[in-house]
Amino acid sequence: MAYVATRGGERAIEQAERLYRAQMGEITPARVAEIERALPSLIDRVMGEASLYAPDLAALALAQSGGDLYEALLLLRAWRSTQPRLQIAAPVTQGRMLTHRRISAAFKDIPGGQILGPTLDYSHRLLATEVVQGKSFTPVPVEKAARPAPACHPSLAEWQKAQGLVEAPTLAPVDRDAIPDLTKEPLLFPAKRAHTLQSLARADTGGVLALGYSAMRGYGNAHPTVNELRLSEAEVIVRHPNGTEFSAGRVKTSQAEVVTTRGQGKLRLGFCATLGWNEVKTIAGATLDLNAAGAPKGSPVNEEFFLYHTEPVESSGFCIHFKLPHYVTFQSSLDALRDAKAQRNKTEEPA
Amino acid sequence: MSLDTLTRPWKAFSYGFLDASAKREMRRKILKAIAVPGCQMPYASREVPIARGWGTGGLQATLTLVNPGSVVKVIDQGADDSVNAASIRRFIARVSGAATTLDTVQATIIQSRHRVPEEKLRADQVLVLQVPNPEPLRPVEPNMSVARQMHADADYGRMWLQLYEQIVRVGRVMQGASYPSLVNGRHVMTPSPIPRWDVPKLNMAKHLTILSAGREKRLFAVPPFTRVEPLVFDDVPYRVEDHAGLTCRRSGARGVFMNEIPQEDGTSQHEVSDSQLGVKLLNGEEPGEMWYRDGVFRP
Chain A
1 MAYVATRGGE RAIEQAERLY RAQMGEITPA RVAEIERALP SLIDRVMGEA
51 SLYAPDLAAL ALAQSGGDLY EALLLLRAWR STQPRLQIAA PVTQGRMLTH
101 RRISAAFKDI PGGQILGPTL DYSHRLLATE VVQGKSFTPV PVEKAARPAP
151 ACHPSLAEWQ KAQGLVEAPT LAPVDRDAIP DLTKEPLLFP AKRAHTLQSL
201 ARADTGGVLA LGYSAMRGYG NAHPTVNELR LSEAEVIVRH PNGTEFSAGR
251 VKTSQAEVVT TRGQGKLRLG FCATLGWNEV KTIAGATLDL NAAGAPKGSP
301 VNEEFFLYHT EPVESSGFCI HFKLPHYVTF QSSLDALRDA KAQRNKTEEP
351 A
Chain B
1 MSLDTLTRPW KAFSYGFLDA SAKREMRRKI LKAIAVPGCQ MPYASREVPI
51 ARGWGTGGLQ ATLTLVNPGS VVKVIDQGAD DSVNAASIRR FIARVSGAAT
101 TLDTVQATII QSRHRVPEEK LRADQVLVLQ VPNPEPLRPV EPNMSVARQM
151 HADADYGRMW LQLYEQIVRV GRVMQGASYP SLVNGRHVMT PSPIPRWDVP
201 KLNMAKHLTI LSAGREKRLF AVPPFTRVEP LVFDDVPYRV EDHAGLTCRR
251 SGARGVFMNE IPQEDGTSQH EVSDSQLGVK LLNGEEPGEM WYRDGVFRP
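Protein sequence lines, in the order shown, are assigned to chains A and B. Quick note, the first sequence lines up with residues 1 to 351 if you use full-length UniProt numbering. Quick note, the second sequence lines up with residues 1 to 299 if you use full-length UniProt numbering.
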């Protein structure tokens, strides 16, 4: 007898991967292009959670993983982790963003106006079953407004600051090249503000929603009101080695600012932003941020709790690692259990 | 000047996958961890092409240490051929060009999940242990910032209390694997989920052990010739698993850590857990010097 029966590991894992890939068939440039074109919301979500703005690579990752979001994220993050950080772009300010959608639930109207932009918020969610019957679904063309909306909009919080309604945080000056980078430093607590916001920006949408929703529903200490929700495109302004600044392109970003009236006579702000357009995540994330101040340790709105537990690559990886064998650990516990049982039987015998 | 002159020519990935800045950080943190035995050092922990929780911490340490002259062995639960060990070994070989082996004696770097090999390691070998949960205080204090403060204060009272309560409730310490151990008389560490059988192998060992947790972004080390003492009360001695009397159903070997194989008739059979040692014994080869002889630990 030999150990042959258990020596098939290498071949088995190769075949297991082939089985998975066989489900999806050939991955062609046309398929990747179609995914990028047809699934913009999914592409945005993956780019945000991977913190890598590359729609074509996000589409490729989705094609390669067969739509398993966590696998797609890991593909992108593992690729991203080896890339050098060449530049830090200039700060993006709200007043300079090309804004597609900007709404406030705190006021009926706001300086600059409410801009609905692209949204399914008011759509009737009727499944277009005619498509499975062979007819295509053609969207009704967009009608142009009588006058175009302005491309840029002021920040609502700036107006509130001027009114003395919100506390303007004192900004510590940070050198542009010295901004803390979560992907190159560990997250420690109390977290640097930059790390908190970076961590929320790449957090799992579902996880942030679950914990944010728990805070909204009453497990937090502050009720959110959406002060401003924005979907926009931001210019990535980088510095050429010769000193001139130029735009390297635009990225889609979403951001949400929520407020609560509970506090010491002033509005308190919660903030979250991410790459790509993802309204649910930014509203839920901003709610967590709003509730983080003074939250008891171990509660879901405590910063350490929600930042650790909404990290998609870490949480999904740990969850699936339970598929790995654990028989050594189990054997060790079993030994202790049997011994304890034997001892118990020994002491119970006389009775 | 152009951007070209500021960067190196593009390559698909660096030697050993990790880029130079990631390796630099790992080396600095490994040195720090060696300088303060058992103390957890936070590190950035890059995403690597295997899932978090599947050995990314060990992998980053190995990728930092590996060179084309290395001989790498990867173990999962004592076995070289389990799927995750095979996958990690294949990845390391692919990105480093290092040789691989199943033989503990021949390896220069041994990355392991949940076991320390039964053959003694030498001073020229490095053991890299994958650690799922580096925080021994987690069962008594889940909040990491509070736990860090407790380590700083050497405040391990709640750990002792937990062990004491187990003895009071069930008559013995119930901690199976990852038995909390005091390193160099200062820091309590979790030795990763190795069985109690393996913990004495780290005490005053000739080899360096690096314990790295990728998902939790912490690494710590047991340098050569460092005390590793399991937490025990004076009157309740440390006990390893009761495997001394078990016999391997394949090789007939006795006195080493065994895997239990349940049988259909309700009984159990056993196999040597260290798979390559099992092969050696089966083939009648002479294994290297062993930590245990006939179930008795001999340092």
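The hints are simulated quantities; they were obtained by calculation from the structure and are not laboratory data. Hints are supplied without guarantee of correctness; some may be wrong.
What the hints assert, rightly or not - Straight line, CA to CA, 30 Å or less: simulated DSBU-like cross-link-like pairs of lysine-lysine:
1) Lys32/B - Lys206/B
2) Lys11/B - Lys23/B
3) Lys184/A - Lys11/B
4) Lys184/A - Lys161/A
5) Lys206/B - Lys23/B
6) Lys184/A - Lys23/B
7) Lys108/A - Lys135/A
8) Lys144/A - Lys192/A
9) Lys266/A - Lys108/A
10) Lys323/A - Lys341/A
11) Lys184/A - Lys206/B
12) Lys23/B - Lys192/A
13) Lys266/A - Lys161/A
14) Lys192/A - Lys11/B
15) Lys108/A - Lys161/A
Here the structure is a predicted model, which means the values were calculated and not measured.
message = Let me make sure I understand: some of the numbered hints might not hold for this structure. Which ones are they, in numerical order?
response = Failing hints, ascending: 4, 7, 8, 11, 14.
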